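423 is the number that my numbering gives to position 423 of the sequence shown; each next residue is one higher, with no gaps.
Just so you know, the hints here were simulated from the structure itself, not pulled from any lab data. One thing to keep in mind: the hints can contain errors.
DSS-like mimics (lysine-lysine), calculated; alpha carbons at most 27 Å apart, straight line [unchecked claim]:
1) LYS341 <-> LYS397
2) LYS25 <-> LYS60
3) LYS397 <-> LYS385
4) LYS285 <-> LYS245
5) LYS341 <-> LYS415
6) LYS561 <-> LYS424
Cβ pair distances, simulated, as ranges [said to hold, decoys possible]:
7) ASP380 <-> PHE437: 18 to 28 Å
8) GLN124 <-> ILE269: 50 to 60 Å
9) GLY360 <-> VAL41: 46 to 56 Å
10) GLU328 <-> LYS54: 44 to 54 Å
Being a predicted model, the structure only gives us computed values, none of them experimental. No residue lacks a Cβ here, since even glycine has one placed at the ideal position from N, Cα and C.
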Amino acid sequence: MRNREIAKILYEMADLLEIKGVEFKPRAYRRAAMNIESLGVDIEELYNRGELEKIPGVGKSIAEKIAEYLKTGTIKKWEELKREIPVDIESLSSIEGLGPKMIKTLYEKLGVKNIDDLERVAKQGRIRRLKGFGVKTEKKILESIEFARRKQERFILGYILPEANKIVENLKPYVSKISLAGSIRRRKETIGDMDILAISSNPDMAMEMFVKMESVDKVLARGITKSSVRLNSGIQVDLRIVEEKSFGSALQYFTGSKEHNIELRKIAIKKGYKLNEYGLFKGEKQIAGEDEESVYNSLGLQWIPPELRENRGEIEAAMNGNLPRIVEYNDVKGDLHTHTKWSDGANTIEEIIKEAINLGYEFVAITDHAGNLKIAGGMDEEEIKKQAKEIEKLREKYSIHILHGVEANITKEGKIDVSNSILKDLDIVIASVHSAFRMDEKEMTTRVINAMGNEYVDVIGHPTGRVIMKREPIKLDMEKVLDAAKENNVFMEINAYPERLDLNDVNVKLAVERGVKISIGTDAHTIGHMKYLELGTAVARRGWAKKEDVINTYDIRELRKILQ
Numbered sequence: 001m002r003n004r005e006i007a008k009i010l011y012e013m014a015d016l017l018e019i020k021g022v023e024f025k026p027r028a029y030r031r032a033a034m035n036i037e038s039l040g041v042d043i044e045e046l047y048n049r050g051e052l053e054k055i056p057g058v059g060k061s062i063a064e065k066i067a068e069y070l071k072t073g074t075i076k077k078w079e080e081l082k083r084e085i086p087v088d089i090e091s092l093s094s095i096e097g098l099g100p101k102m103i104k105t106l107y108e109k110l111g112v113k114n115i116d117d118l119e120r121v122a123k124q125g126r127i128r129r130l131k132g133f134g135v136k137t138e139k140k141i142l143e144s145i146e147f148a149r150r151k152q153e154r155f156i157l158g159y160i161l162p163e164a165n166k167i168v169e170n171l172k173p174y175v176s177k178i179s180l181a182g183s184i185r186r187r188k189e190t191i192g193d194m195d196i197l198a199i200s201s202n203p204d205m206a207m208e209m210f211v212k213m214e215s216v217d218k219v220l221a222r223g224i225t226k227s228s229v230r231l232n233s234g235i236q237v238d239l240r241i242v243e244e245k246s247f248g249s250a251l252q253y254f255t256g257s258k259e260h261n262i263e264l265r266k267i268a269i270k271k272g273y274k275l276n277e278y279g280l281f282k283g284e285k286q287i288a289g290e291d292e293e294s295v296y297n298s299l300g301l302q303w304i305p306p307e308l309r310e311n312r313g314e315i316e317a318a319m320n321g322n323l324p325r326i327v328e329y330n331d332v333k334g335d336l337h338t339h340t341k342w343s344d345g346a347n348t349i350e351e352i353i354k355e356a357i358n359l360g361y362e363f364v365a366i367t368d369h370a371g372n373l374k375i376a377g378g379m380d381e382e383e384i385k386k387q388a389k390e391i392e393k394l395r396e397k398y399s400i401h402i403l404h405g406v407e408a409n410i411t412k413e414g415k416i417d418v419s420n421s422i423l424k425d426l427d428i429v430i431a432s433v434h435s436a437f438r439m440d441e442k443e444m445t446t447r448v449i450n451a452m453g454n455e456y457v458d459v460i461g462h463p464t465g466r467v468i469m470k471r472e473p474i475k476l477d478m479e480k481v482l483d484a485a486k487e488n489n490v491f492m493e494i495n496a497y498p499e500r501l502d503l504n505d506v507n508v509k510l511a512v513e514r515g516v517k518i519s520i521g522t523d524a525h526t527i528g529h530m531k532y533l534e535l536g537t538a539v540a541r542r543g544w545a546k547k548e549d550v551i552n553t554y555d556i557r558e559l560r561k562i563l564q
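Please take these sequences and the hints and turn them into a complete structure.
Next comes the structure, spelled out in structure tokens:
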């Protein structure tokens, strides 16, 4: 589908013509672009049938330009306009309040060609001197530039997913089917924007409710088949209403990844099919598309879970019937990393236990900081013993299984800063790097491997130490670390806290390929954090982990046995 690609060019031509002062034509180009953008068929099909002029708003002149682009990859008139007016229309138009007329003035009077130029003249106070602008406009432009740059950043999955789920729930009364798509459906650790697909017998009402949501900061576009909004959080959300017969193919297409979809289209072409967001076609006949399963099955593949769709071998596995049965969200029976008021948590042990019961868990591990991490209120050995007594009393009160553990620190030398005389009596010991993050790869690898040599260490916590979009991971030879984990029967954690998700999916895949088991823990410091367990499970799924690869899926007897 090149509809959006062509529509984007026509919009740009309209803006450039308006900057030149041309009348009437800009409106015609925008009308054509809008209709092409919302077309229900591939524009290339209309071109091949000689039916471009049947598109509302597309006359002979615009049809010729579309044909020129489809044949040559460019449009002579478009290239001429860009040479005449060498401004970055797309980036400047992204600045709130800047339309073609203002862009024209800024270009002619101040030589502004792009956002960097715009920021420079605004900071110099030169925009306020222009007729029709002023101090307020200049300030607003600077604020909009800051936002435009900020919105180029990605958003952390764990902070956006609840908002996404809420939108879906709010729209359910107005649609017959609805689903998240894009990277958020694939559960990537960060996302750029949010895609939602739906079927509705009353699309106008669905769109009306969508654009009027309380969380909407700005309506970017409002249509019958597609609307876009910017939420107060800064993320853009696109809602598309599609036909029932195309819902599955549209969901597959908009879920991605791009690399996954490219490979699927190659398979379709080899089989004599055409695959796009409207369905899987043999000539003009649609043979699949109502649901995703029919699309994959018609291509000779098993259905592939969204989390695996990154073109990392999943297509070949699905073709050969070897796709792993990855861990399900409801397979996970408990949280293996939580903190309480005994260290730097906000809740009591009992409050953590009650929340675990509320979440339906069979077990929960209390793993407060211990040792020399004083900044996090690390418990000394006497406090660990006192905590053990409190947990013993709570075990008598509640039927849920409570594991008593600690999160200890790995010293620079790879030692554990809690004595073995204490560790041996605990149910679970997590060892983590909390300091000296800048050691070279060889030293850091040796440090972590040495820690695994302690017979009482069960889990390496947040193994790479990264904080998403804030701190780079420590330097590790991950293959050596995983081999040592296998040899010492140590489990690698997926820390499910949204800014960690560590191990990441790539390293989880390396781990399970080597037979290393995974432990998922939320690293909860309040009971509200305990809901993040599903994020850790998503990482496990993205890393091809099966149920048996994740120790949180074991019943309590199996779990206690492997933790001995």
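Do the hints match the structure? See the list:
Using a Cα cut-off of 27 Å, the hinted pair LYS341 and LYS397 holds, with the two alpha carbons roughly 20 Å apart. Taking the CA atoms of LYS25 and LYS60, the gap is about 13 Å. The hint holds against a cut of 27 Å. Proposed proximity of LYS397 and LYS385 is supported: the alpha carbons are some 19 Å apart, at most 27 Å. Straight-line distance between C-alpha atoms of LYS285 and LYS245 comes to about 12 Å, which keeps the hinted pair within the 27 Å bound.
Proposed proximity of LYS341 and LYS415 is supported: the alpha carbons are some 26 Å apart, at most 27 Å. Annotation: proposed proximity of LYS561 to LYS424 holds, straight-line Cα distance about 14 Å (limit 27 Å). A hinted range of 18 to 28 Å for the beta carbons of ASP380 and PHE437 is consistent with their spacing of about 24 Å. A beta carbon spacing of about 54 Å between GLN124 and ILE269 agrees with the range 50 to 60 Å that was offered as a hint.
About 47 Å separates the C-beta atoms of GLY360 and VAL41, a value consistent with the hinted range of 46 to 56 Å. Between GLU328 and LYS54 the beta carbons are some 48 Å apart, a value that agrees with the proposed interval 44 to 54 Å.
Violated hints for the displayed structure: none, as all numbered hints are satisfied.
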